[in-house]
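Chains as they are written, first to last, in the working numbering: chain F, -17 to 96; chain V, 1289 to 1402.
No lab work stands behind these hints: they were computed from the structure.
Every residue, glycine too, gets a C-beta built ideally from N, C-alpha and C.
Among the hints, a few may not be true.
To be verified - One side of the interface only, derived from the structure: several residues of chain V facing chain F at Cβ under 10 Å:
id, residue
1, Pro1298
2, Glu1330
3, Leu1332
4, Ala1341
5, Lys1365
6, Gln1369
7, Ser1373
8, Phe1377
What the hints assert, rightly or not - If you only want the chain V side, here are some residues facing chain F, beta carbon under 7 Å, derived:
id, residue
9, Leu1336
10, Gln1388
11, Gly1393
12, Thr1396
Said to hold, decoys possible - In silico DSSO-like links for lysine-lysine, alpha-carbon gap of 30 Å or less:
id, chain 1, residue 1, chain 2, residue 2
13, V, Lys1348, F, Lys(-9)
14, V, Lys1340, F, Lys39
15, F, Lys(-9), V, Lys1397
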Amino acid sequence: NAGVTQTPKFQVLKTGQSMTLQCAQDMNHNSMYWYRQDPGMGLRLIYYSASEGTTDKGEVPNGYNVSRLNKREFSLRLESAAPSQTSVYFCASSEGTGSNQPQHFGDGTRLSIL
Amino acid sequence: GDSVTQMEGPVTLSEEAFLTINCTYTATGYPSLFWYVQYPGEGLQLLLKATKADDKGSNKGFEATYRKETTSFHLEKGSVQVSDSAVYFCALSEGSGGYQKVTFGTGTKLQVIP
């Protein structure tokens, strides 16, 4: 019962470095999402993939790219990290795009940019 | 646009006290409503949901009723336990442009003391 698995759990980067956050789900879900969580701001959507082969921008996409590698995996890439990207990043998945379907979350990646 | 407003925290209660966390929303359509719970170091977990007006969601002693007339979805529990200490997020979900658009509140931290 792994659900949604994110790696790494913690990461410290220097400004300008790049890295990729990995996410995999084993629930055969069609839709996947990347959020960032900042104090006092709830969760904000960065990118989503409604189905395998598609990706689209969310509310705060600048500075990020994504890849839906297959139905299970959805990665988030920071090409040139900036201190403003210090945050906790959550990957989530849902069975489809219906409004009544809950999202299932990973445990997050805590990212610090120095 | 859509928005979710939660009561400010932290909320500190003694064990066995009654809990209410207020949540009101603004939406353009007919959203589904959710409460998620986040324990320290973990991702969000679905606590309960309601998909139409007057529906009551319930789980683990928690309840919330979808009130369309007051645009509210308040979370209640009759007797809290120390293990209920966590951050609680109210959220609304609408199908929008081919994806599930979820708007989260900023979260309410609950601390239950023995």
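Each hint tested on the structure:
1. Because the beta carbon of V:Pro1298 sits about 13 Å from the nearest beta carbon in chain F, more than 10 Å, this interface hint is broken.
2. Hint status for V:Glu1330 relative to chain F: holds, with the closest Cβ pair at about 5 Å, below 10 Å.
3. At about 5 Å, the closest approach between the beta carbon of V:Leu1332 and any beta carbon in chain F falls short of 10 Å, and the interface hint on this residue holds.
4. Here the hint on V:Ala1341 is broken, as its CB sits about 13 Å from the closest CB of chain F, past 10 Å.
5. Violation of the interface hint for V:Lys1365 is found here, the shortest Cβ-Cβ separation to chain F being roughly 20 Å, above the 10 Å cut-off.
6. The interface hint given for V:Gln1369 is broken, as the beta carbon of that residue sits about 23 Å from the closest beta carbon of chain F, more than 10 Å.
7. Checking V:Ser1373 against chain F by beta carbon gives a least distance of about 18 Å; that is not within 10 Å, so the hint is violated.
8. Given hint, V:Phe1377 at the interface with chain F, holds; its Cβ is 7 Å from that chain's nearest Cβ, closer than 10 Å.
9. Interface restraint check for V:Leu1336: the shortest CB-CB distance to chain F comes to about 10 Å, outside 7 Å, so the restraint is violated.
10. Because the smallest distance between the Cβ of V:Gln1388 and any Cβ of chain F comes to about 5 Å, under 7 Å, the interface hint for this residue holds.
11. Because the closest C-beta pair between V:Gly1393 and chain F is about 6 Å apart, less than 7 Å, the hint holds.
12. A hinted interface residue such as V:Thr1396 counts as satisfied when its beta carbon comes closer than 7 Å to some beta carbon of chain F; here the least separation is about 11 Å, so the hint is violated.
13. Taken as a hint, the V:Lys1348 and F:Lys(-9) pair is honoured in the structure, with Cα atoms around 29 Å apart against an allowance of 30 Å.
14. Annotation: proposed proximity of V:Lys1340 to F:Lys39 holds, straight-line Cα distance about 28 Å (limit 30 Å).
15. For the given pair, F:Lys(-9) sits about 22 Å from V:Lys1397 by alpha-carbon distance, which is consistent with the 30 Å threshold.
Checked against the numbered hints given earlier, this structure breaks hints 1, 4, 5, 6, 7, 9, 12; the rest are met.
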